[in-house]
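Peer 1: Going line by line, the protein sequences match chains A and B. So in our numbering, spot 41 of the first sequence is number 48, and the numbers just go up one at a time. So in our numbering, spot 137 of the second sequence is number 276, and the numbers just go up one at a time.
Where hints are given, some of them may not hold.
Mimicking BS3-like on lysine-lysine, the simulated pairs with C-alpha atoms at most 27 Å apart in a straight line are [as the list claims (entries may be wrong)]: (1) B:Lys388 <-> A:Lys200; (2) A:Lys132 <-> A:Lys97; (3) A:Lys198 <-> B:Lys194; (4) B:Lys194 <-> A:Lys55; (5) B:Lys582 <-> A:Lys200; (6) A:Lys132 <-> A:Lys10.
Negatives, chain B to chain A, calculated, CB over 10 Å [unchecked claim]: (7) Met140; (8) Asp220; (9) Ser273; (10) Lys334; (11) Arg353; (12) Lys388; (13) Thr408; (14) Asp424; (15) Glu446; (16) Gly471; (17) Pro477; (18) Met496.
Simulated from the structure, these hints should not be mistaken for laboratory data. Positions of the beta carbon are idealized from the N, C-alpha and C atoms, including for glycine.
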Amino acid sequence: MEKFTTHTGIGVPLRQSNVDTDQIIPAVYLKRITRTGFEDALFSAWRKDPAFILNQAPFSSGSVLVAGPDFGTGSSREHAVWALKDYGFKTVLSSRFADIFRGNSGKQGLLAAEVAQDDIELIWKELENAPGTEVTVDLVSKTVVCGNIVAPFEIDDYTRWRLLEGLDDIGLTLQHEADITAYEATRPAFKPKTLPARLS
Amino acid sequence: MAKTLAEKVWDAHVVRKGDGDGANAQPDLLFIDLHLVHEVTSPQAFEGLRLAGRKLRRPDLTIATEDHNTPTLDIDKPIADLTSRTQIQTLRNNCAEFGVRLHSLGDAEQGIVHVVGPQLGLTQPGMTVVCGDSHTSTHGAFGALAMGIGTSEVEHVMATQTLSLKPFKTMAINVEGTLRPGVTAKDIILAVIAKIGTGGGQGYVLEYRGSAIRALSMDARMTICNMSIEAGARAGMVAPDETTYDFMKGRPHAPEGADWDAAVEYWNTLRTDDDATFDAQVDLDADTLEPFVTWGTNPGQGVSLSESVPSPEDFGDENAKAAAERALQYMGLAAGTPMKDIRVDTVFLGSCTNSRMEDLRAAADIIRGRRKDPNIRMLVVPGSARVRLEAEAEGLDKVFKDFGAEWRFAGCSMCLGMNPDQLDVGERCASTSNRNFEGRQGKGGRTHLVSPVVAAATAIRGTLSSPSDLDPDPVVEPVETPIRTDAA
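Same shape as in the complex, but just chain B:
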């Protein structure tokens, strides 16, 4: 029978089929190839194992890092926040006790868990990947079935290396055409979420397809799959192809020699069969897509950057209307305001959505030789210590620092403000992260989700801006310490 990518990966991992058929079917028991662990959603799971006297079944398929709580400044000093420090110390103790590989703060492989897995070559096509973090969907960019789980499920995977799961439905997201300059993967996914809504993907695994997706790099595909959860889907996938293999080849945990050949042969069988059918289809035109940005307090509340803040009256559904009213009040915005007139205080370039090399390079290309709006604070937080090192080797750190941005150490940082990187009450942020929920980046903070190039253009102009709004030939005086000539 013809199958989709998601169905093939699913079927290859069934340890035990659930009894029954159709709607009454019990869940299948699926084997998990890779379990990623971080400090926030694991302590209670380790404690559960300990209390039940259970072992962690497969330490060799488990890896941990520290990311959510970690500071992005002074990482050589003890963590100032005591509860954060305790939580990280708890992870260190648990990993030592249960034999789990851990990349701690200061280690070159430390970083956001969803940046670390692919970078080490541990994320591969056709795998099942889980983590106690909803943005695990990121790894679907490799053609893996990757999903976020809760702490009870984390404990279940630790104890059994399996998960009980009900089969998903499949949804094809077809993106055909060619993106215009200044339009990126982030705009694709924000437009998809605005189109299908925050619940539109619920119960589905999304497969991103079409010429516009095929043309994207792995970093860009990760950005798209990362935000599948914001459309309600637990997982999003892209079929593996030469782009995938080129990215993986030579990474520390990528297969080598005969194993590589066997792997590629298998990976090539994974793509959705031509005659397979999806339970749902959504089409998006890449040719006409513009930079996309959110105006509200959920990721589905977005518009093209050239549009204006919508009015609650624009929404037919009563719940959507009420949600829009509430969102406008929280965001301090008036309906009808052009998005490009919105002045921001902070620009955050980072998070598991947009903190990889391509993101940093794209932003650096925009700001090189230009000046930051003096009223803007800009934070640049690489996704991993390795990304930071690579960026420094290319001199990107200097570009950001010359521009007036803060160049920080790796972690989740201001995406969710579990560390000191937070917005103040009422502060407005153009953020390359994934969630514009109330208070997400700090109590009372206001978030507009944007792409890295929109973030960069915004930092220059001070208002939400696209790269096409910039003066093509900026005349910028060199940033130098004035030389005193009057000294006697």
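Just chain A, with the same shape it has in the complex:
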């Protein structure tokens, strides 16, 4: 995973709450078996509307998405994170993220920064008044800067550390393989196994 320390890019105000992962990427795109190339799928239903924010310059080249509360609800599809990244987003700001989306973001190096809704409102106004304004999201100081607005954001320490270091989860876990093997030896016999298969 690439390291994330700080990012500066055009902010995109998405004035909407409950942006579920079906909106971020509709199910029809989930039939692909690759992990890249999902930029066309991002918000594909909404992008058919010329008035949609990503169809307007300079927002179309944005890389900091500023969304309403409860972003990423619904389906666990990690494709939502892939689509945001493939389009060019490096970070999403929201006052509340769905748990699975937040987890998936952390695994893929997309920074899900939790910003108070009052600050989100200020940033929205700034971005709408001066389209093209750049937003800086600094993971070291956990701060968002947009024009004159300086706002703190929350992220759990463990995810922050992994993003800052660009660490691979599986590699980290396999350092504790001996613990896994020891645990496996203690599992009770009544716990089910899928193999050999037993059928009705």
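For this one, chain A is given, so just place chain B on it according to the hints.
Peer 2: Relative to the frame of chain A, chain B by itself:
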């Protein structure tokens, strides 16, 4: 120390405690007892293993099935959609390469992954269960800690049989009282979500408790736990009891003999201690609950079926107001319209929320001897091939077909329209599924989430209806091919 059900299951699976305490604690490494796999969220995970030269650590704790993409008609023919066919073939190749048990289309154990696990007896109390699907919360009905994960985590479980997780908070959902006739588990969970909101359960494991929950069957408990994710909670649980054990006993992978006794002894220790405390409590009165239905485009936008479509002005919060405005526009509804005046085009009975035997029986009991509204299309999609076979053995297929519904093969189907079962633009559906998101059931489709009995009553009347709206003594002419008597 007194503990809740969720905390007990958590503690029993800690492979390695994370360093640090409180807010700064690192995640715990938890062992995963069962990993369920399907075709949509696994190809990139298998590919990741392959690229890193890693093995799948525990094929004997892993099982796969095909459900999201599978057609519900002509299942003996090659899948028409090429990308769907490729994705399913990829799962078959990956399972063969990594030694994973797979139940393919046409197999009697194929079906929606969350129906298959419990049906085989693989889902048991006190287990940790994961799957690359947010409705994995379904398995919490057995007192398992079950949650949906993303594809990176799928790969992590494949490689290590563990997950790194931050401890959750606990929330008790207390449902006391007795449900009235025609009110079901689906109405309980829709009412809970409307009450706490789509983000209300975030960071929590929910435990459904109280006399109304204890009185529910396993199929009904699965319906409730299934939609925990729609309240933002990753998992929902019900403490195991005799109902749980009766359901499990004799299933293919249930413990037997001395193992069964040891298991039950352990399962009986899992329920929340009397003096344990929850981080949050929510109460719902079962006695006064009515059939519940959604009017908007997220599962929290619901009302009692006897109420009317709300106005955006009813919402104090600016974001909720804007969301309501947008939802009404998408749904093509005017504020103030009685919910029961809303005419639908399609009724979908299926999905991991409501496609088990009890759901099919409940709907069949409503429609038996009645006629479908001629303008309604009704799809009945059993949750698994096994459910389909059982239903046919009881003659339910005939009840649905006589009524004029389509009796389909098992899969996720119109819940998310990854296969050809989709709504058209503007088409309105009463659906027993779990998500009424924009375009979820097909681009431009409009979804009202309902229970199986409301779905059945709606198919009869053509408008959103509860069973109590039906004529108690329907006079229905028998459905027969007219016999020609004028033939010479």
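Peer 1: Run the C-beta distances from Pro477 of chain B to all of chain A and say if the shortest one exceeds 10 Å.
Peer 2: Since the minimum Cβ distance to chain A is about 25 Å, Pro477 of chain B lies beyond 10 Å and the statement holds.
Peer 1: Is it correct that the beta-carbon of Met496 of chain B has no partner in chain A closer than or equal to 10 Å?
Peer 2: holds (13 Å)
Peer 1: Straight-line Cα separation of Lys132 of chain A and Lys97 of chain A no greater than 27 Å?
Peer 2: holds (21 Å)
Peer 1: Between Lys388 of chain B and Lys200 of chain A, does the CA-CA distance stay at or below 27 Å?
Peer 2: Given that 27 Å is the threshold and the Cα spacing comes to 16 Å, the pair holds.
Peer 1: Once the closest CB in chain A is found, is it more than 10 Å from Gly471 of chain B?
Peer 2: holds (16 Å)
Peer 1: Check the non-interface label on Arg353 of chain B: least C-beta distance to chain A beyond 10 Å or not.
Peer 2: holds (24 Å)
Peer 1: Check the non-interface label on Ser273 of chain B: least C-beta distance to chain A beyond 10 Å or not.
Peer 2: violated (4 Å)
Peer 1: Taking 10 Å as the cut and beta carbons as the points, is Asp424 of chain B off the interface with chain A?
Peer 2: holds (26 Å)
Peer 1: Verify this label for me: Asp220 of chain B is non-interface relative to chain A, using a Cβ-Cβ cutoff of 10 Å.
Peer 2: violated (8 Å)
Peer 1: Is the straight-line distance between the alpha-carbon of Lys198 of chain A and that of Lys194 of chain B 27 Å or less?
Peer 2: Distance ~22 Å between Lys198 of chain A and Lys194 of chain B Cα, so the pair holds.
Peer 1: Given the hint that Lys132 of chain A pairs with Lys10 of chain A, does the C-alpha gap stay at or below 27 Å?
Peer 2: violated (30 Å)
Peer 1: Are all C-beta atoms of chain A more than 10 Å from that of Met140 of chain B?
Peer 2: holds (22 Å)
This entry does not satisfy hints 4, 5, 6, 8, 9, going by the numbered hints stated previously.
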